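Those protein sequence lines, which keep their order, are chains F and S. At the far end of the first sequence sits residue 429, using our numbering, and the numbering has no gaps. At the far end of the second sequence sits residue 429, using our numbering, and the numbering has no gaps.
These are computed hints drawn from the structure, not numbers from a lab. All of these numbers come straight from a predicted model, not from anything done at the bench. Every residue gets a Cβ at the ideal spot worked out from N, C-alpha and C, and that includes glycine. There's no promise every hint is true.
What the hints assert, rightly or not - Simulated restraints on C-beta separations:
#, chain 1, residue 1, chain 2, residue 2, range
1, S, PRO360, F, ILE250, 55 to 63 Å
2, S, ALA269, F, PHE266, 42 to 50 Å
3, S, PRO360, F, ALA269, 56 to 64 Å
4, F, PRO421, S, ARG413, 36 to 44 Å
5, S, SER249, F, GLU255, 48 to 56 Å
2 protein chains.
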Amino acid sequence: MARQERAIETRRKLLVGAAQVFDERGYAAASINEIQERSGVTKGAMYFHFASKEEIARGVMAAQTEIPVETRSRSASPMQQVIDLTHELARRLRTDVLFRASIRLTVERGTFQANDSDLYDWWLRAFGRELARAQGAGELRPEMAPEDVAASVVGSFTGIQMLSHVTCDRRDLHERLARWWEQILPGIATPEAVRTMLPAGSPGLDLPDGA
Amino acid sequence: MARQERAIETRRKLLVGAAQVFDERGYAAASINEIQERSGVTKGAMYFHFASKEEIARGVMAAQTEIPVETRSRSASPMQQVIDLTHELARRLRTDVLFRASIRLTVERGTFQANDSDLYDWWLRAFGRELARAQGAGELRPEMAPEDVAASVVGSFTGIQMLSHVTCDRRDLHERLARWWEQILPGIATPEAVRTMLPAGSPGLDLPDGA
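Assemble the whole structure, with the sequences as input and the hints as a guide.
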């Protein structure tokens with residue numbers, strides 16, 4: 219392995235090890251020693267990449283923004299893409315410890331000093347853009363402001379996944395999201411769009427068992 | 219003051235002091251010494267009431283369940299009562315440190331060992347009951363399961379208040395809730411109910427400035 223590849227690999231190991239520890243204990247109770255041990259890298263290598271626990275946490279949180287907003291859905295409908303994206307994020311919460319930890323850290327804001335609204339703003343913009351496209355395609359009602367709908371989608375997704383996490387370790391998350399989309403679509407989508415959207419997500423999203 | 223009154227007063231001081239510390243720092247970073255100092259009670263009195271930080275936190279969290287589910291709304295409509303209750307909870311989040319801390323602790327679940335779904339279950343049942351009444355009154359669509367709608371309301375409320383907290387210290391919370399109700403009512407309420415409900419809450423709810 220070339221030196222640069224090795225550095226990328228070490229950084230990744232650190233982020234995944236840190237994600238496991240943050241996912242289990244939260245930010246405040248996670249120790250930098252445990253992160254180093256779990257990652258299987260040397261102390262020297264760790265401090266080469268990250269100067270502090272806070273810096274590692276920021277690296278884990280930033281992993282959210284590397285998720286392709288397009289999803290694996292092949293739907294031509296922007297509104298269906300929005301629905302599919304929420305199911306794709308739900309799938310990642312259930313299967314990807316790096317994403318799960320990054321959401322947990324974002325939610326725990328307040329244990330950090332800095333302003334942590336950046337990640338929420340990132341999602342608000344990502345969903346807002348897709349919803350503006352849906353409006354252009356005649357799917358989002360013309361009287362709706364895409365940013366208001368984005369705020370409801372991001373807010374509701376955040377809380378619904380938490381509720382599902384606490385009550386049943388996210389086993390019913392896809393089901394809960396599907397119910398939520400059924401409930402909210404008539405108020406935000408045009409009647410034609412309501413008829414054609416699939417609240418449980420497009421086929422081929424490759425959701426885990428029980429989805 | 220009789221001895222029993224004094225004990226109730228001391229317990230309340232401890233809960234409020236603890237709420238201030240938990241609200242600022244979260245569970246893990248809060249210290250029992252700071253809670254004692256902030257409460258202005260003696261160490262002996264503190265340990266008479268609570269054996270540990272976890273026990274104090276459970277006391278703070280339990281304060282949620284003392285909120286009257288009826289709200290100060292005088293609306294005769296059960297669906298409007300549900301809407302008003304979300305605005306009442308939003309108002310408390312903005313003005314009542316004990317309630318705010320209890321929600322923060324509930325959200326931080328995972329820093330505790332025990333199963334923390336009890337409080338969510340409590341809210342799901344409280345909203346489920348009101349929504350069943352709304353269905354009986356012809357306001358909730360007959361094909362809706364009240365418990366599915368309750369799950370959406372509790373989940374969405376939880377996430378929307380978090381998003382509002384992180385992005386603007388909850389200044390836009392009533393506005394965000396009103397938008398959310400406008401969006402979801404057409405899908406869950408009967409057409410007659412959609413026409414008469416007030417998504418921003420009944421008059422007389424006494425919401426804070428900017429609401």
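For which of the previously enumerated hints does the structure constitute a violation, in increasing order of number? 5
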